[in-house]
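Just so you know, the protein sequences line up as chains A and B, in that order.
Every letter in the first sequence is one number past the one before it in the numbering used here, and letter 286, counting from 1, is 286.
Every letter in the second sequence is one number past the one before it in the numbering used here, and letter 39, counting from 1, is 39.
Bear in mind the hints are in silico, worked out from the structure with no lab data behind them.
Mixed in with the good hints, there may be bad ones.
[Claimed, not checked] For each label pair, taking beta carbons as the anchor points, the in silico distance ranges come out as: (1) L78(B) / T124(A): 18 to 24 Å; (2) A207(B) / L40(A): 47 to 53 Å; (3) L37(A) / S83(B): 47 to 53 Å; (4) G255(A) / A118(B): 46 to 52 Å; (5) G283(A) / A146(B): 31 to 37 Å; (6) I59(B) / K206(A): 20 to 26 Å; (7) P122(B) / I57(A): 24 to 30 Å; (8) G291(B) / K206(A): 50 to 56 Å; (9) K206(A) / S32(B): 30 to 36 Å; (10) A222(B) / T65(A): 52 to 58 Å.
[Unchecked claim] In silico lysine-lysine, DSS-like type, Cα no more than 27 Å apart, as pairs: (11) K211(A) / K196(A); (12) K144(B) / K224(B); (13) K35(A) / K144(B); (14) K35(A) / K206(A); (15) K196(A) / K206(A); (16) K206(A) / K317(A); (17) K317(A) / K196(A); (18) K144(B) / K317(A); (19) K89(B) / K35(A).
Backbone N, C-alpha and C define an ideal beta-carbon position, used for all residues, glycine too.
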Amino acid sequence: MALSSPGRIAQTSAQRTAVMAGLKGRNDVAGTLFKALLLLAIILTFGILVVLGVQVIGDGSSVLTTRLGDFLSAGLGSTPEVSGIAQGLRGTFYLTLITAVVAFPLGIASAVYLEEYAPRSRMTAFINLNIRNLAGVPSVVYGILGLTIFVNGWGIRTLTGGRTPIAAGLTLAALVLPIVIITSAEALRGVPGSLKEAGYGVGATKSEVIKDHVLPYAAPGILTGTLLSIARAAGEAAPLILIGATTGFLSDIPGWADVTQARDSFTAMPIIIATWARQPQEGFKVDNAAAAIVVLVVFVLLVNAAAIVMRNRFERKRAGL
Amino acid sequence: MPSQKHGPYGPDADTPIPWHNDAALMSSVDVSDLRGSPARHRTEARVALALRLAAFVSIAISALIVYSLMVEALSFMLDVDWSRVWGDKAIGWFPRRNVFGIVTLISATLIVTTIAMAVALPLGTAAAIYLSEYASPRVRAFLKPALEVLAGVPSVVLGFFALRFIAPQIVGRLFVDAAPANLAAAGIGVGILTIPLVASISEDGLAAVPRSLREASAGLGARKMTTTTRIVIPAALSGLVAAFIVAVSRAIGETMVVFIAGGAADSALQNFNPIEPGLTMTAAMASVASGTDNVAGEGPTFQSLFFVGLLLFVITLLLNLVANRIVIRFRQEY
C-alpha cells in the first residue's frame, strides 16, 4: 500500500490497528495454536504424573491407612494380609549405603583427576568417552556384571558372600559411578580459577588447594550427584533380579543394626514391588504393591528434592561470586 | 619487642640487597631451599597416583562388563544349535525347551520402542520447546525441577501403572480384544518414563542455539512461531536428533516396565501384534535370571541370558556412540 512519505509505517487508522495487532501478536491464529499445542504437551505430561499419583495412592490407601504399622514391620508372607516390607526396607537401606560408600569416593576422586590433573591427551579423551558410554549401558547389563564378578567371581565371592547386599551394593555402585563422576566434574568445572590461583599464590600444593578450597566450594554440586545416584540406586530392580535378590520368602527380619545381613540373602523394595505386581491375587498386585510403591516413591522424591535444592544453592553461589 | 634503632632490614638498610653483605647467608641459600619439603612432594605424588587409579576404575568396569558378557555368550554361541536361534524352526522364545528365537525378542523390543517413542518424542520435544522458547523464567523455575522429579520415578512404578491403569483403561478401551497385559501398555509406560530424558536433552540443544539468531529473526519481523519453527528448531536439529537416539537407547534397555506389564512370563510366542503379550530382550534376560534354573553355567538355557545381554549391550553402545558424535558436532558448531 502506498504511504504518503517514506518511513511511515502506518498511515490510516486501519493500517495502524493492523500493525499494532501484528506487534501484539493478535490475529496470529497459527501462532496461538502452536503455543497452545506446546502447552498441551506440558499439561498432558504432568497430567499423566497426576493420574499416576492418584492411582497409586488410591490403590495403596487401604493398606496404608488400616495397617501401616504391620506393613512396615512384617516380612514377606504367603497371603497379602500378613505381608509387609520390613525386609525390603532393610535390604534397600544396606545396599544403598554400600553403593554410596563405594561410589562416592571413587566418583569424586575420578572427577578430581579428570578436572584437575589429567592432561589433554588421547587417554583422557578415552576415559571421558568411556564414562559417557557407561552412563548409557542398560541396567540389566550391570546386573550381568554383578552376577559374574561380584556374586560368582573367583575370590570376590568370599568377600561378598554371593547373593548379598554387598554384591548388590557394588554392582549398583558401578551403575551410578558415571552419574557421580559426570555431575562432580561439572561441579568442579564451576570453581573459579581465581580461587585456585590464590591458593597457589600463598604456597599451597595442588592437593592442598583441592582439599581446602576446590572441594568445599564445589560441595553442593557434588552432593547433588551423590543424592541423585542414591535415589537411582534405591529404585533399580533389574540388576537385583540378575544378582539374585530373593523373591520368595526370607527366614527372618534382622534388626536394623545387624550388619551381618549385608552378607546374607536379601530382598529390596523394588524387587518386592515387582514380585507383588506380578502375583494373581488382588491383595498383592494392587493393594500391597501400591502401598510399597508409596513408601519407595516418598523416599526417592525426598532424596531427589534434596538434590535439586542442593543444586540450586550451588548455582546461586556460583552466580554470586 | 625488637630494637627500634633500625628498620626491618637491619643496620645496613642502605644496602639494596640486605643479605649480600652476609657471606654466611649468601653461601647457604640455594635452589634446594626453595624446593619445598620432600614430604609434601611425596604426598602430592601419592595423591596424583591415587586419583589416577580411581579414574582408571571406570575403564576396568567397562572391561569387566565386556568380559562378563563375552565368556558365557561365546560359550552359548559355540554350543547352541543355530537353527534354534534364527530361521524357520526358531519361532518363539522358549529357553527351557532350547528354542531361542531371537527374532521374537527383537520384534517385541522394536514394538515397545516404537510405541514408546511415539509417546515420548512429541511430548518431550514439545515440552522442551515450550520451556526453552515460551515459558517465563518463573514458570521455568517451577517446571524444570518438576520434570526432574518425573525423571526420578523408578521404573517399577511405571510398570505397576502400566499394568493397573494403562492396560485396562487406555489400551483396553481402544482395542476391546487386547490381552490384559500387553506390549502396547508396556510401550506407553516406557514412553512416559522417557519423556523427561527427551525433554532435558532437547532443551539443552535448544538452549545452545545463540540468542543472536532469534533476535535477528525477530528483527526481520518474524513472529514467535516462525522464529521457533523456521530458525531455532532447524538450528537445534542435531541436539534433537541426539535426544531421539538417546531416548531410543534408553527405551531398548528398559526392563522392569515390560517385565511387569508385558504379559509374558518366561517364554513367548512370536508375534508382531502389540495388543498381545510379548517379551523384549531385557525382560527375557530378567525372566531367565529369576527362573528356577538359574544355576551358573548350566547349559544353553541360562547362557542365553548372556547372549541376549551381549546383543543388547552392542546395540545400545552403538546408539550411544552415534549420539555422542552428534552432540560433539553440535557443540562445535557454535
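field: Status of the given 30 to 36 Å range, CB of S32(B) versus CB of K206(A)
entry: violated, 21 Å
query: Straight-line Cα separation of K144(B) and K317(A) no greater than 27 Å?
result: holds, 19 Å
message: Hint check: K211(A) vs K196(A), CA-CA at most 27 Å. Holds or violated?
response: holds, 11 Å
query: Can the suggested window of 50 to 56 Å be confirmed for the beta-carbon pair G291(B) and K206(A)?
result: For K206(A) against G291(B), whose Cβ atoms are near 53 Å apart, the range 50 to 56 Å holds.
message: Given the hint of 52 to 58 Å, is the C-beta distance from A222(B) to T65(A) inside that range or not?
response: Taking Cβ atoms as reference, A222(B) and T65(A) lie about 56 Å apart, which means the hint holds.
- request: Could you grab the alpha-carbon distance between K89(B) and K35(A) and see if it respects the 27 Å cut-off?
  value: violated, 53 Å
- prompt: Within 47 to 53 Å or not, the Cβ separation of L37(A) and S83(B)?
  reply: holds, 51 Å
- prompt: Is K35(A) close enough to K144(B), meaning Cα to Cα at most 27 Å?
  reply: holds, 18 Å
- prompt: Between G255(A) and A118(B), is the Cβ distance one that fits in 46 to 52 Å?
  reply: holds, 49 Å
message: For a C-alpha distance cap of 27 Å, please report whether K196(A) and K206(A) respect it.
response: holds, 9 Å
- request: Kindly confirm whether 18 to 24 Å is satisfied by the beta carbon distance between L78(B) and T124(A).
  value: violated, 38 Å
message: Taking the Cβ atom of P122(B) and the Cβ atom of I57(A), is their distance within the range 24 to 30 Å?
response: For I57(A) against P122(B), whose Cβ atoms are near 28 Å apart, the range 24 to 30 Å holds.
Checked against the numbered hints given earlier, this structure breaks hints 1, 2, 9, 14, 19; the rest are met.
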